[in-house]
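These are the residues of each chain, in order.
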Amino acid sequence: MSAVVRMLALLVLFRCGTAAATEVRTFQDPAQQQRYEQLVKDLRCLVCQNQSLADSDADLARDLRDEVYQILQSGKSDQEAVKFLVDRYGDFVLYRPPFNLMTLLLWISPLLLLFAGLAFIWRRSKQQNPAMAAELTASEQERLQQLRKTTQQQ
Amino acid sequence: MIPELGHIALIMALMMALIQSSFPLAGAAQGIPVWMAVAKPAGRAQFLFLIVAFGCLAFSFASNDFSVLYVAQHSNSSLPLHYRLSAVWGGHEGSMLLWALILGLWTLAVTIFSRGLAADFVARVLGVMGLVSIGILLFILLTSNPFERLASPPADGNDLNPLLQDFGMVVHPPMLYMGYVGLSVAFSFAVAALLGGTLDSAWARWSRPWTLVAWIFLTFGITLGSWWAYYELGWGGWWFWDPVENASFMPWLVATALIHSLSVTEKRGAFKAWTVLLAIFAFSLSLLGTFLVRSGVLTSVHAFATDPGRGLFILMLLAIVIGGSLFLYALRAPTVQDHVRYALVSKENLLLLNNVLLVTAAGSILLGTLYPLILDALGLGKISVGPPYFDAVFAPLMAPVFVLAGIAPMFPWRQASIRKVLARTGKLALGCLITGIGLTAVFWNPRDIATMAALTLAVWLAASALFSLTSRVRLREHWREGLRSQSRSVYGMTAAHLGLAVFLVGVTLSGRYSVEKTVRMAPGETVEIADYRFTFLGVSRVEGPNYVASRGDFEVQAGATAFRLHPEKRSYRVQRNMMTEAAIDPGWSRDLYVALGEPMENGAWSVRLYCKPFIRWIWGGGLVMMAGGMLSVSDRRYRLAAKPDESWQPASSASNVAA
Chain V
57 MSAVVRMLAL LVLFRCGTAA ATEVRTFQDP AQQQRYEQLV KDLRCLVCQN QSLADSDADL
117 ARDLRDEVYQ ILQSGKSDQE AVKFLVDRYG DFVLYRPPFN LMTLLLWISP LLLLFAGLAF
177 IWRRSKQQNP AMAAELTASE QERLQQLRKT TQQQ
Chain E
56 MIPELGHIAL IMALMMALIQ SSFPLAGAAQ GIPVWMAVAK PAGRAQFLFL IVAFGCLAFS
116 FASNDFSVLY VAQHSNSSLP LHYRLSAVWG GHEGSMLLWA LILGLWTLAV TIFSRGLAAD
176 FVARVLGVMG LVSIGILLFI LLTSNPFERL ASPPADGNDL NPLLQDFGMV VHPPMLYMGY
236 VGLSVAFSFA VAALLGGTLD SAWARWSRPW TLVAWIFLTF GITLGSWWAY YELGWGGWWF
296 WDPVENASFM PWLVATALIH SLSVTEKRGA FKAWTVLLAI FAFSLSLLGT FLVRSGVLTS
356 VHAFATDPGR GLFILMLLAI VIGGSLFLYA LRAPTVQDHV RYALVSKENL LLLNNVLLVT
416 AAGSILLGTL YPLILDALGL GKISVGPPYF DAVFAPLMAP VFVLAGIAPM FPWRQASIRK
476 VLARTGKLAL GCLITGIGLT AVFWNPRDIA TMAALTLAVW LAASALFSLT SRVRLREHWR
536 EGLRSQSRSV YGMTAAHLGL AVFLVGVTLS GRYSVEKTVR MAPGETVEIA DYRFTFLGVS
596 RVEGPNYVAS RGDFEVQAGA TAFRLHPEKR SYRVQRNMMT EAAIDPGWSR DLYVALGEPM
656 ENGAWSVRLY CKPFIRWIWG GGLVMMAGGM LSVSDRRYRL AAKPDESWQP ASSASNVAA
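Here the protein sequences come in this chain order: V and E. Heads up, the first sequence is in our numbering, so the first residue is 57 and it goes up one at a time. Heads up, the second sequence is in our numbering, so the first residue is 56 and it goes up one at a time.
It is worth saying that the hints were derived from the structure and are not from the lab. Think of the CB as a built atom: it goes at the ideal place given N, C-alpha and C, for glycine as much as any other residue. Be careful, since some hints might not be right.
[To be verified] One side of the interface only, derived from the structure: several residues of chain V facing chain E at Cβ under 10 Å:
| hint | residue |
| --- | --- |
| 1 | Arg81 |
| 2 | Gln84 |
| 3 | Gln105 |
| 4 | Asn106 |
| 5 | Ile127 |
| 6 | Leu128 |
| 7 | Gly131 |
| 8 | Pro153 |
| 9 | Ala172 |
| 10 | Leu203 |
| 11 | Lys205 |
[What the hints assert, rightly or not] Here are some chain V residues the structure puts well away from chain E; computed CB gaps all over 12 Å:
| hint | residue |
| --- | --- |
| 12 | Asp85 |
| 13 | Glu123 |
| 14 | Ser130 |
| 15 | Glu136 |
| 16 | Phe140 |
| 17 | Asp143 |
| 18 | Asp147 |
| 19 | Gln201 |
Chain V extracted, bound-state conformation (with noise of 0.2 Å):
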């Protein structure tokens, strides 16, 4: 619990607003401008309860973004704007988890569940499918007999 009393000391300290980024940006191109507006979007404010950069007008979310900017600025990749985070806050600024041992069960439990209900669709239909013809009983088509008959009698 000690990490909550942290967080809220944290937003208090760097005022996590409900307010975006503002910084007024020049870019060279819109798809530069896209890039950043992704990349952005795709990372985690360090200091916020659960905003990503874009969304929190924290300082060092508003530091950050300014670091995301200067790298596009200076001509390179968006792969390398994320690991020069990941370098300095970890696999937690990743809105994205990576794809590793730790996360395997994260990124491939629902197909396995998929096909586990698959599966269980297919199994059920196939263990009935032999008795499709025989809907009743010979007890029960015997009392359909009789009630047919006692109906046509009336």
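Mind docking chain E on chain V? Use the hints.
Same frame as chain V, now just chain E:
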């Protein structure tokens, strides 16, 4: 005096809950009618005491009684009365009291609308609801008492979080809780049926309207929450995959699966065990949602409460509810037999496939939400799971759901031929594909394949929903008679699927074609985005009841017409935080969205301007889905079912083959 009265009423409610669960459950097990008959009056009395407790807390808020800790924390004498009243559920303790009150309300509803049910079944349902109530009331009384007094009351309160001082947030929690807690009825029906061994079509017909009503509220609550986030948080998004949003979305997905599975159980008598399991999952996820939001285990935009003692209590409650019901399920499920046969290709299996996809989606969201918590708890490192993960997992699971929602209604029960269905719908599907590609190419971007695919799916959903309705209507000689002969639930399904299509259009177009710009604007300057000209006229100072604001004045030129927009930057006096109040010009085909950033030199401001095409369709779709749910609930057969039904006899249920 009044707060103490409320406290006593809360204790009395707990006593009533104890009576409501102990005697009826024992009576149903032993076959003692007098004990079973205790359930209804005890349930009603419990609700009465909860109303009193809630009323006492509301009164303390209304009368600014800051000697009550909870009031002092969440209210202020300058807060307008309607916000003082909604502040009752503006914090942890009051939210839990609201939860308990709504459980009481559902209990009351069950006591009123259960006349046709067998006495032992009603006793079991109410008994199980009483057990849930005991857990929640104990939680409130032991860890989160809203009536706690302060020895030395402050002169004034700490004020309500400014984010919550808004109409959307006044209505959102009660609606969401109506949905969450409403699922406890479906859960209680399922557990009661497991206890009594009466899992059959009649059980499904009974639980279906309750589940639908809960689903309607949940849909409304989520839609409201999303709308609120859009206009209040000030950054123009409508869904953030925040753990607290996920907490409400998971039960919705499972409840959606449950509605579909219940329809199979009701109409065909199949999937009984699976339906029960879904009912258990749906309510468990609601409880888990409460746990996630209320225990402080998350640190997110919504999580306002933090206390480890509480977390442990809810975790134990969760373990008891989920563990207990799953244990019961494991004991009883093997004895449940489906007497129905169906082929691999049949409506039954398509609905089961829909269930598998929805549950997989819910499971993936659960995984993504809990994974970082678990890793962190085990000391294996800190990771973040955010929108990129959820988008990557969710979209491929949902695409087939949309295809299925269109095509499944056209498949017959029991056995279907893919070739026949394709022959019927081939042209329709081709038409949808052409429309989807055509619309994208003409109005948006001829090379945007993602939008083409999504629009094709949306058109397909809408077209196939209407197509399957027309083919039903065509069975009659005259179309008017055909329209009249359809049951409300057919119209409900059609509307709900149309709503899904509307939603998909909104998500796609607003996601792919929003234009946003962050610019510096000095008074008199004009900026143009997406054919709209925004002229900044300056900022003035405005005094609110408990805040001061800088109010921007923008003139927007849209073709020949012009109008004004007034975004605000508010500073709340007591809590000392800044709030961005965006100004929005809503429209059918686009929203214009202006938010003030920071003041800059010489009266200039940094300003964010958005044009978001079709974003309103997202919430519009939610409302249409909700309307579909309402139509289904109003179906005649549920009103007929409210009358005594001779097939609903516990003694005959063992041999009761699905009709």
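Going through the hints against the structure:
Residue-level restraint check for Arg81 of chain V holds (minimum Cβ-Cβ distance to chain E is 7 Å; threshold 10 Å). Because the beta carbon of Gln84 of chain V sits about 16 Å from the nearest beta carbon in chain E, more than 10 Å, this interface hint is broken. For Gln105 of chain V, the interface hint holds, the least distance from its beta-carbon to any beta-carbon of chain E being 5 Å, beneath 10 Å. This hint holds: Asn106 of chain V has a C-beta 4 Å from the nearest C-beta of chain E, less than the 10 Å allowed.
The beta carbon of Ile127 of chain V is not positioned within 10 Å of any beta carbon in chain E (closest approach about 19 Å), and the interface hint is therefore violated. With its C-beta approaching chain E no nearer than about 16 Å, Leu128 of chain V sits outside the 10 Å limit, and its interface hint is violated. A distance limit of 10 Å between C-beta atoms decides the matter here; for Gly131 of chain V the minimum to chain E is near 23 Å, and the interface restraint is violated. Interface hint status for Pro153 of chain V: upheld, as the beta-carbon distance to the closest one in chain E is roughly 5 Å, under 10 Å.
Evaluation of the Ala172 of chain V hint against chain E yields a held restraint, the C-beta minimum of about 9 Å falling below 10 Å. Using the Cβ-Cβ criterion of 10 Å, the hint placing Leu203 of chain V at the interface with chain E is not satisfied: the shortest such distance is roughly 13 Å. At its closest, the beta carbon of Lys205 of chain V sits 20 Å from a beta carbon of chain E; the interface hint therefore is violated under the 10 Å criterion. The claim that Asp85 of chain V lies off the interface holds: its Cβ sits roughly 15 Å from the closest Cβ of chain E, which is beyond the 12 Å cut-off.
Distance to chain E confirms Glu123 of chain V as a non-interface residue, since its nearest Cβ pair spans about 18 Å, more than 12 Å. The claim that Ser130 of chain V is not at the interface with chain E holds, since no C-beta of that chain comes within 12 Å of its own (minimum 21 Å). With a least CB separation of 18 Å from chain E, Glu136 of chain V remains clear of the 12 Å interface cut-off, as annotated. Every CB of chain E is more than 12 Å from the CB of Phe140 of chain V (nearest about 17 Å), matching its label as outside the interface.
For Asp143 of chain V, the condition that its CB be more than 12 Å from all CB atoms of chain E holds, with the nearest at approximately 15 Å. Remark: the non-interface label on Asp147 of chain V conflicts with the geometry, its nearest Cβ contact in chain E lying 5 Å away (cut-off 12 Å). No Cβ of chain E comes within 12 Å of the Cβ of Gln201 of chain V; the nearest lies about 16 Å off, and the non-interface call holds.
Hint violations for this structure: numbers 2, 5, 6, 7, 10, 11 and 18, all remaining hints satisfied.
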